[in-house]
Amino acid sequence: MTRACNRDILKIAFWNAGGINNKIDELKLFILNIDAHIVIVTETRLDNKSTKLELPGYFTYLAQNPVSSKRGGVATIVNSSIRHMALEPIEKECIQSAPIVLLPENNRRSEMIVIASVYCPPSLSWSPHHFTDVLNFAEKTLGGQTKFILCGDWNAKHRQWGCTRACQRGTALYEAVQADPMAEIIATGCATHFPHDTRKNPSAIDFSICKGLGRLEKRISSSADLSSDHLPILLEINLDTSTLFLQKQNNNILKKTTNIELFKTVLERKILLNTEIRVAEDINDAINIFIKNIKDSADESTPSPRIPDNLRRMHGQANRNSHTLTLDENTSRLLEEKRILSRIFKATRTDEDKAKLKAAENRLKKAVKILREKRINKQIEGIDTKNPDRMRKMWRLLDEGKKTNQPNFPLKLETKRGPKWTKTIKETTEAFVSHLEGRFKPNNNVPDYHINTVNSGLRTIKESMLTERYDVNKNPCNQPITLKELNDEIKNLKNSKAPGKDLITNQLIKTLPTKATLYLILIYNSILRIGYYPDAWKHAQVKMILKPGKSVNDPKSYRPISLLSGLSKMFERLLLKRLFRVDLFKKAIPLHQFGFRKEHGTEQQIARVTQFILEAFERKEYCSAVFLDISEAFDRVWHEGLLLKLAKILPYNLYIILESYLTNRTFEVKDQAGETSRAGQIGAGVPQGSNLGPILYSIFSSDMPLPHIYHPSPTERIMLSTYADDTIVLSSDILATAATRNNENYLKTFSDWADKWGISVNAAKTGHVIYTLKNDIPTNLKTMKIKGQAIKKESKQSYLGVILDSKLTLSPHVTKVVGKYLTAYRKMSWILNERSKLPTNTKMLILKSVLSPIWQYAIAAWGPLVTDAQIRRIQVEENRKMRDICRAGRYTKNQTIRDRYCVKTVEEFYQQAVHRFSETTKSHPNVAVRRIFSRHYIPNRLERSRQRYLKMTMDHITQKQTGLTLSPKLLKIPDLDDCRTLKKRSEREKIRQTHLTELPTLLRLEEEEAELKRIKKQEERERRERENQKWPPDRWCELEINRYNKKYRNGDLTRQEIIEKFRGQPLNVQRIILPDYEGD
0 MTRACNRDIL KIAFWNAGGI NNKIDELKLF ILNIDAHIVI VTETRLDNKS TKLELPGYFT
60 YLAQNPVSSK RGGVATIVNS SIRHMALEPI EKECIQSAPI VLLPENNRRS EMIVIASVYC
120 PPSLSWSPHH FTDVLNFAEK TLGGQTKFIL CGDWNAKHRQ WGCTRACQRG TALYEAVQAD
180 PMAEIIATGC ATHFPHDTRK NPSAIDFSIC KGLGRLEKRI SSSADLSSDH LPILLEINLD
240 TSTLFLQKQN NNILKKTTNI ELFKTVLERK ILLNTEIRVA EDINDAINIF IKNIKDSADE
300 STPSPRIPDN LRRMHGQANR NSHTLTLDEN TSRLLEEKRI LSRIFKATRT DEDKAKLKAA
360 ENRLKKAVKI LREKRINKQI EGIDTKNPDR MRKMWRLLDE GKKTNQPNFP LKLETKRGPK
420 WTKTIKETTE AFVSHLEGRF KPNNNVPDYH INTVNSGLRT IKESMLTERY DVNKNPCNQP
480 ITLKELNDEI KNLKNSKAPG KDLITNQLIK TLPTKATLYL ILIYNSILRI GYYPDAWKHA
540 QVKMILKPGK SVNDPKSYRP ISLLSGLSKM FERLLLKRLF RVDLFKKAIP LHQFGFRKEH
600 GTEQQIARVT QFILEAFERK EYCSAVFLDI SEAFDRVWHE GLLLKLAKIL PYNLYIILES
660 YLTNRTFEVK DQAGETSRAG QIGAGVPQGS NLGPILYSIF SSDMPLPHIY HPSPTERIML
720 STYADDTIVL SSDILATAAT RNNENYLKTF SDWADKWGIS VNAAKTGHVI YTLKNDIPTN
780 LKTMKIKGQA IKKESKQSYL GVILDSKLTL SPHVTKVVGK YLTAYRKMSW ILNERSKLPT
840 NTKMLILKSV LSPIWQYAIA AWGPLVTDAQ IRRIQVEENR KMRDICRAGR YTKNQTIRDR
900 YCVKTVEEFY QQAVHRFSET TKSHPNVAVR RIFSRHYIPN RLERSRQRYL KMTMDHITQK
960 QTGLTLSPKL LKIPDLDDCR TLKKRSEREK IRQTHLTELP TLLRLEEEEA ELKRIKKQEE
1020 RERRERENQK WPPDRWCELE INRYNKKYRN GDLTRQEIIE KFRGQPLNVQ RIILPDYEGD
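Numbering that gives the first Met the number 0 puts the first residue of the sequence shown at 0, with every later residue one more than the last.
Treat the hints with caution; some may be incorrect.
Claimed, not checked - With a straight-line cut-off of 30 Å between C-alpha atoms, the simulated DSSO-like cross-links for lysine-lysine are: (1) Lys425 <-> Lys669; (2) Lys514 <-> Lys291; (3) Lys425 <-> Lys461; (4) Lys950 <-> Lys815; (5) Lys921 <-> Lys1016; (6) Lys836 <-> Lys1045; (7) Lys291 <-> Lys440; (8) Lys255 <-> Lys619; (9) Lys568 <-> Lys514; (10) Lys836 <-> Lys549; (11) Lys365 <-> Lys1045; (12) Lys425 <-> Lys48; (13) Lys619 <-> Lys950; (14) Lys48 <-> Lys795; (15) Lys365 <-> Lys1016; (16) Lys425 <-> Lys294.
Read the hints as simulated data drawn from the structure, not as lab findings. Nothing here was measured: the structure is a model prediction, and the numbers come from that model.
Modelling step: build the complete structure from the supplied sequences, incorporating the hints.
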């Protein structure tokens, strides 16, 4: 048989590593050198959750020894361009295997090939029927005659595959293979295992067993490229691999070679503006025609590629991975030297040759490391903050570093007959669809009588609303969409958003000609007029993303990400503007709901919660907080209940659009290989990824019961805070039992309301925390329950990304922030280290844009509550990373680096954030937010322990409340230090309250405004005078001296230029750069 071209050769490499921890770098080099499609590593000694073998451009599947992960274990590493599916791993003490199945384009079972890694520990005995079961597992797995390739370390010796003698296991394996006429053993015929103990003889125990591949040409060879007592084996099979690779084509409608001007011209010629849209079907037809015209115009405007895609494949790869490393002459020489020394050591087994081999391996590792850094530096060389094109390339490099490959793992499904594993990509996607269909259903805890009440009430309201149908045009909320309004929305679109099934990206929408925009307005206004939402825009394409730390074989471990049409989301934003023109709709969202609302954020909600707790501390009270977790809140929204609430607050024309928007929605699951599932039905929930979904959930939960005290008392208080589905209920009282009892009473009311509207609370994730400064928390507190399930007592709880501990010191939150900061820096060390050629100003931009936001989040809310020592913890870590990036010398000050690269300290950023927070809070449209400002908690008893909070209050809150910052002459409040001289606390508080009540809360007098303008003009005049005044130059630091010294030595600056640069510096500084300079 003649040998086929290289792209028809399937390359499989397998190797016993004897522990892979210290051999990953040489394995990467080996994979690069042989260009294998599949690499099998046995005896990895890794845990299943280990990420050490996650290589760029490859998927990794692990199986470990169930007794101990320090023994045995296998890994199957597959090129990401291969169409494949992982099968159920075999994890037994006698055998470990991580099988996969190669999938052809036609998905025929007869053409599928199962490839499995095999490791059989040597200590256990095997019989022929055991090996027969191993050879038949592929048929049992896929349910039919299937081709397979088993590669690995069998620990079986026999003369038939190159051993000098046979063992019991080798004899049993040989008999099992001989009994199967379609099975055959593919071995090198020579020794593959060279024990470290020189008293033991080499043996051939690494080979492969194939079945169903008898007519295909096979070639097997060994090499000495890897450092282990086993030789790596390369198996090459003459196979048409073109059907096994993913067709990684550019699915974008607009290609890089598309002529945009021609595209606009062709599209304008195809679009007809005289289209009549009268009924719902006309809307669907108009959208389909519009998308078809866009795609046809793009095809006509894009030239055909010169070279077909299949001819560009080299060595079986459709597109060569960007992570591929090309070896230079020096590295290739070191690799060949290492191979020669490895062969010599295998033959001589002397200590001297072993030392030479280890030295050659170390030299090769260093050379590969330098080569990898050169490749990175070549990509980032010349990137500057002033060049936006180069900066976009840098951000793309950072995004590629964050991406992780997600292999196609099989799913374990629970059936009546027991567990069942998915075997193909089609079965996996269908399993996801079935799982999501069960998830997109309302909870069945709604009473039957309430269902009848809701349905009858909805019918009654809809009948009464029919009278409005003929007065739709008189409704001010039904204004048609104009060209200017649509153009404004198009300008605000983000290019980074992923498209839906129609592949219409935001970048394509921005390139549409005016005629196409007018046609889009025709469709939008027809939807408003007819009240029908098109079917194409109610279909979502779902991609499943594995949650961190979850099981890969459980469908519940995956998070669905819905991709909707960009045209649909743009219409939703236009519709939202009309919804908020309805007064009842705008007022329906409760004041305590801060999620997905304009001018509302997590900072304000966290400030409300912490201020409530601090006031309880001030009064020596206990604060009981219950953090409620609503399970699948957005996916389980009961449509009939939501429509009833919408019908009560919306006019008919807007209601029927939302009714059509929610009903008959569908979805499909798309795999990474491009496989799509059947269309699934959505029976509940608000659309994920949409603009209307979060607002609709806020409307659905708007009638959430407000907490109140059943037995009022001057000291009892209770508050409700919600941010989307994150809900917290706080109650304070002198007695911890009373505060807890208030929460229990509210939870009963909340449970009744939740059952009424089909909302389920997850008691396992609900937490209860008692906030107090006292150390003697009562031990006899009754465990709180919700729906009969106990709620766990916690000492700290995370709320909106901030960890609130029981004493509100926020030390655990600072520890978490510092840990995340260091982890993020380690992940980006490849581009921020001292060997990177990225300019320093660009590195500092990455620090300010990527790393600093980790601790900057919500600092205006938690910053006043921490101590100065906690702020210094963050500052010290940032100073270290900043100095590492700049390679600052020992005597270079941190402030010098900050001034040069405009990096703010933690305290400076905190002050600016608090100032911004106070400015936006005092004039906020929500009264619940304004109360943070107008009724701000002022520390009295806790002045010493809350110094930062007190300083923030006096600098940013009290002065704005009293108008002190506007008019220092008109208003004067006694200084706090003067108040401290008073002995009695009541007298001190009385003086404070007297002066605050005598002054207006917010001064808006003309005198203060005029004085503020005068002060601003005076400050601006002084600033200009300081800028125009020539001051002596600052003395250079060590960093600047070394920089100019290097420029002068390299010839970048002449002698006269360097003299002009250091003019005004001390003579000793000048002589460091010019030793012979005598001064002016």
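Outcome of the hint check:
no.	hint	in the structure
1	Lys425 <-> Lys669	10 Å, holds
2	Lys514 <-> Lys291	15 Å, holds
3	Lys425 <-> Lys461	43 Å, violated
4	Lys950 <-> Lys815	25 Å, holds
5	Lys921 <-> Lys1016	25 Å, holds
6	Lys836 <-> Lys1045	17 Å, holds
7	Lys291 <-> Lys440	34 Å, violated
8	Lys255 <-> Lys619	67 Å, violated
9	Lys568 <-> Lys514	20 Å, holds
10	Lys836 <-> Lys549	38 Å, violated
11	Lys365 <-> Lys1045	28 Å, holds
12	Lys425 <-> Lys48	26 Å, holds
13	Lys619 <-> Lys950	22 Å, holds
14	Lys48 <-> Lys795	28 Å, holds
15	Lys365 <-> Lys1016	62 Å, violated
16	Lys425 <-> Lys294	28 Å, holds
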